[in-house]
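Colleague: Line by line, the protein sequences are chains V and P.
In our numbering, each residue's number is its place in the first sequence (first place is 1) plus 9.
In our numbering, each residue's number is its place in the second sequence (first place is 1) plus 9.
What the hints contain is simulated information worked out from the structure, not anything from laboratory work.
Check the hints yourself; a few may be wrong.
Any copy, or any two copies together, can satisfy a pair, since identical chains are not distinguished.
[Said to hold, decoys possible] Keeping only pairs whose Cα atoms sit at most 27 Å apart, straight-line, the calculated DSS-like set for lysine-lysine is:
{"#": "1", "residue 1": "Lys251", "residue 2": "Lys298"}
{"#": "2", "residue 1": "Lys314", "residue 2": "Lys251"}
{"#": "3", "residue 1": "Lys342", "residue 2": "Lys298"}
{"#": "4", "residue 1": "Lys38", "residue 2": "Lys139"}
{"#": "5", "residue 1": "Lys339", "residue 2": "Lys251"}
{"#": "6", "residue 1": "Lys317", "residue 2": "Lys251"}
{"#": "7", "residue 1": "Lys295", "residue 2": "Lys339"}
There are 2 protein chains.
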Amino acid sequence: MINDNSDNIVVSSRVRLARNVKGLPFPQKLSDAGAVSYLVNAAVHAADFEHELYFMSDLHEVERQALVERHLISPDLAGKDSGALLLSDDESIAVMINEEDHFRAQCIKSGFALQECYNAIERYDDSLSKVIPVAYDSEFGYLTACLTNVGTGMRASVMVFLPAMTFTDMIDNFLLIAKNNGLTFRGVYGEGSKPIGCLYQLSNARSIGLSEQQIIDNVSKSVSEMCASEQGLRRQLLSREKNELTDKAYRAYGVLSNARILSSGEFMELVAFLKLGMAMDVIEFKDIKTLDKLIIDAQPANLVKIAKSYSLDAGQRDLVRAALVRQVLKELK
Amino acid sequence: MINDNSDNIVVSSRVRLARNVKGLPFPQKLSDAGAVSYLVNAAVHAADFEHELYFMSDLHEVERQALVERHLISPDLAGKDSGALLLSDDESIAVMINEEDHFRAQCIKSGFALQECYNAIERYDDSLSKVIPVAYDSEFGYLTACLTNVGTGMRASVMVFLPAMTFTDMIDNFLLIAKNNGLTFRGVYGEGSKPIGCLYQLSNARSIGLSEQQIIDNVSKSVSEMCASEQGLRRQLLSREKNELTDKAYRAYGVLSNARILSSGEFMELVAFLKLGMAMDVIEFKDIKTLDKLIIDAQPANLVKIAKSYSLDAGQRDLVRAALVRQVLKELK
Numbered sequence: 010m011i012n013d014n015s016d017n018i019v020v021s022s023r024v025r026l027a028r029n030v031k032g033l034p035f036p037q038k039l040s041d042a043g044a045v046s047y048l049v050n051a052a053v054h055a056a057d058f059e060h061e062l063y064f065m066s067d068l069h070e071v072e073r074q075a076l077v078e079r080h081l082i083s084p085d086l087a088g089k090d091s092g093a094l095l096l097s098d099d100e101s102i103a104v105m106i107n108e109e110d111h112f113r114a115q116c117i118k119s120g121f122a123l124q125e126c127y128n129a130i131e132r133y134d135d136s137l138s139k140v141i142p143v144a145y146d147s148e149f150g151y152l153t154a155c156l157t158n159v160g161t162g163m164r165a166s167v168m169v170f171l172p173a174m175t176f177t178d179m180i181d182n183f184l185l186i187a188k189n190n191g192l193t194f195r196g197v198y199g200e201g202s203k204p205i206g207c208l209y210q211l212s213n214a215r216s217i218g219l220s221e222q223q224i225i226d227n228v229s230k231s232v233s234e235m236c237a238s239e240q241g242l243r244r245q246l247l248s249r250e251k252n253e254l255t256d257k258a259y260r261a262y263g264v265l266s267n268a269r270i271l272s273s274g275e276f277m278e279l280v281a282f283l284k285l286g287m288a289m290d291v292i293e294f295k296d297i298k299t300l301d302k303l304i305i306d307a308q309p310a311n312l313v314k315i316a317k318s319y320s321l322d323a324g325q326r327d328l329v330r331a332a333l334v335r336q337v338l339k340e341l342k
Numbered sequence: 010m011i012n013d014n015s016d017n018i019v020v021s022s023r024v025r026l027a028r029n030v031k032g033l034p035f036p037q038k039l040s041d042a043g044a045v046s047y048l049v050n051a052a053v054h055a056a057d058f059e060h061e062l063y064f065m066s067d068l069h070e071v072e073r074q075a076l077v078e079r080h081l082i083s084p085d086l087a088g089k090d091s092g093a094l095l096l097s098d099d100e101s102i103a104v105m106i107n108e109e110d111h112f113r114a115q116c117i118k119s120g121f122a123l124q125e126c127y128n129a130i131e132r133y134d135d136s137l138s139k140v141i142p143v144a145y146d147s148e149f150g151y152l153t154a155c156l157t158n159v160g161t162g163m164r165a166s167v168m169v170f171l172p173a174m175t176f177t178d179m180i181d182n183f184l185l186i187a188k189n190n191g192l193t194f195r196g197v198y199g200e201g202s203k204p205i206g207c208l209y210q211l212s213n214a215r216s217i218g219l220s221e222q223q224i225i226d227n228v229s230k231s232v233s234e235m236c237a238s239e240q241g242l243r244r245q246l247l248s249r250e251k252n253e254l255t256d257k258a259y260r261a262y263g264v265l266s267n268a269r270i271l272s273s274g275e276f277m278e279l280v281a282f283l284k285l286g287m288a289m290d291v292i293e294f295k296d297i298k299t300l301d302k303l304i305i306d307a308q309p310a311n312l313v314k315i316a317k318s319y320s321l322d323a324g325q326r327d328l329v330r331a332a333l334v335r336q337v338l339k340e341l342k
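Isolated chain V (complex conformation) (with noise of 0.2 Å):
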């Protein structure tokens, strides 16, 4: 298994579980805002960690797309007024409160580290289990709003850059074995969305008949298979391509510290030859993390909130991107 990130093909890992209380409604029949404070009270309770607590309905909702974009809340708990976020000073925990479940805990990191974040979220989740009654069936296991979640209620997954298959156009190929391997595909920002910048999220696809230990070994391996085989085409492309490669790398580069006008797509498009570039040593930057950062930090919402400025349209929003990736690059070692 791959551990280190030097490949720079995992950009993120993620657990999560989910757990509802015994004996209360699931949130989506749950109108009570005693109850919603209950359970508020007890995610704050069960934290051992620095913190902030978000209720949503005192978020604009630039603030509420921006925590989307960062990955740290779905986009429905986004829509939802009566939902909170409890997260952690570094961002590494986040508990969303009275989404589709009561607690949707989630632990995440930069790189491929799926064993560590369940250590994480398993301690935060022991803590929690002893601050409420815990809705679990000896034969189901933990019990969720929707069955896909029913069992361990964990989502193992991992967010993996991979431009080679995506440029020799045999990415649908390799998500296809991933499949037969039991895991799921999913774009960045969740079910149904569009992969975009080379950028595909990879999860179990069942949380039940095995243990989390299992789901978490399992998804290591596919992923761990499909690091290798991501490696072996930019292999081949860097000794049949290497000149194609470093120009458009370099271009990428180019328009980017130069435009003044920047489209999401177009960004994530040329960030995705930047990165390859770097990742395949042709070009003379190296600071990947810059620009993952800055992934997140060129979206929408994020944009909007950097810019302090609530009203930018979209046609704004492309010269604030612009100004924006043209001063982080400007740094970019």
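Got chain V sorted already, so can you dock chain P onto it with the hints?
Modeller: This is chain P only, laid out in the frame that chain V set:
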């Protein structure tokens, strides 16, 4: 009339005179080596400036083509082993010997300088007429191999950079106006060549029935009108699409200063955007002269000469061109 080049529309001016020796067959019928020798001696004798003499038969095909790209000889002369070139050290005066006519003497200067070119080449012509008996008819004027040159034997031409007319698709209308004013239009590399990089050559269509000064004045007047229209269109573009123009100019800079593979066509297209951005003062760079020199240096044969390798194929030239362009743009101010 606009005499400075602050608006960067007129790239260069050129006046050439076609002359023949009375009693000697035109070059097409002239196979006698002794006669060619006589022409060469006459051309040299008439020169009161520092110069070099080049016999086509001594030059590699690439060197001939490089002279064509630098607008110092015609493709016809490049293909003719019995031809020669007398070139002043500053390259402003070039006398093609034994091309279509016995002598075709040109003066080329940067910017809008037809009168200066005419004065300089008239001086050489006076000198030449003292060395040879010139083929001249009191009714028709100077006699030339092709009827279109009979009369003054003169062609006064300017190379103009018309990006605003080109990008607004109004260029054809303006070229028609120029035609109605007695001008003819060619691409950058003479008759039949296509316009590239928004560059156009305009010159007098007729060389008979007008005096030399009238031809100079007519071409100057038409070109001045064209410059005024181009300036008007540029102002309109600037007021309506400043962000888009700035974006295009900087993107062109970004690609030119970063690409590793650059075809001649893409290079010319990007340079046009960059020059337009400079001319309209929307980007920080000002040095158009450097780009105009680069346009010549980046042409295939000149590139091959610079790379000092005559065996470069088109693919290799695209790498060498990209490297040259990066190097030059690094120093752009």
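Colleague: How would you label the pair Lys339, Lys251 (within, between, both, or neither) given a Cα cut-off of 27 Å?
Modeller: So Lys339 and Lys251 pass the 27 Å test inside a copy (25 Å) and across (23 Å) alike.
Colleague: At most 27 Å between CA atoms: does that hold for Lys342 and Lys298 within a copy, between copies, both, or neither?
Modeller: Close inside one copy (11 Å), not across copies (32 Å); limit 27 Å.
Colleague: Can you give me the call for Lys314 and Lys251, within, between, both or neither, at a CA distance of at most 27 Å?
Modeller: between (39 Å within a copy, 26 Å between copies)
Colleague: 27 Å Cα cut-off: does Lys251 pair with Lys298 within a copy, between copies, both or neither?
Modeller: So Lys251 and Lys298 pass the 27 Å test inside one copy only (23 Å; across, 34 Å).
Colleague: At most 27 Å between C-alpha atoms: does Lys317 with Lys251 qualify within a copy, between copies, both, or neither?
Modeller: Answer is between: at 24 Å across copies they meet the 27 Å cutoff, but 42 Å inside does not.
Colleague: How do Lys38 and Lys139 come out at 27 Å by Cα distance, when the copy is not named: within, between, both, or neither?
Modeller: Answer is within: at 25 Å inside a copy they meet the 27 Å cutoff, but 108 Å across does not.
Colleague: Check Lys295 against Lys339 for me: Cα-Cα at most 27 Å, and say if that holds within a copy, between copies, both or neither.
Modeller: Intra 13 Å, inter 21 Å, cutoff 27 Å: intra and inter.
Comparing the model with each numbered hint stated earlier shows that all of them hold.
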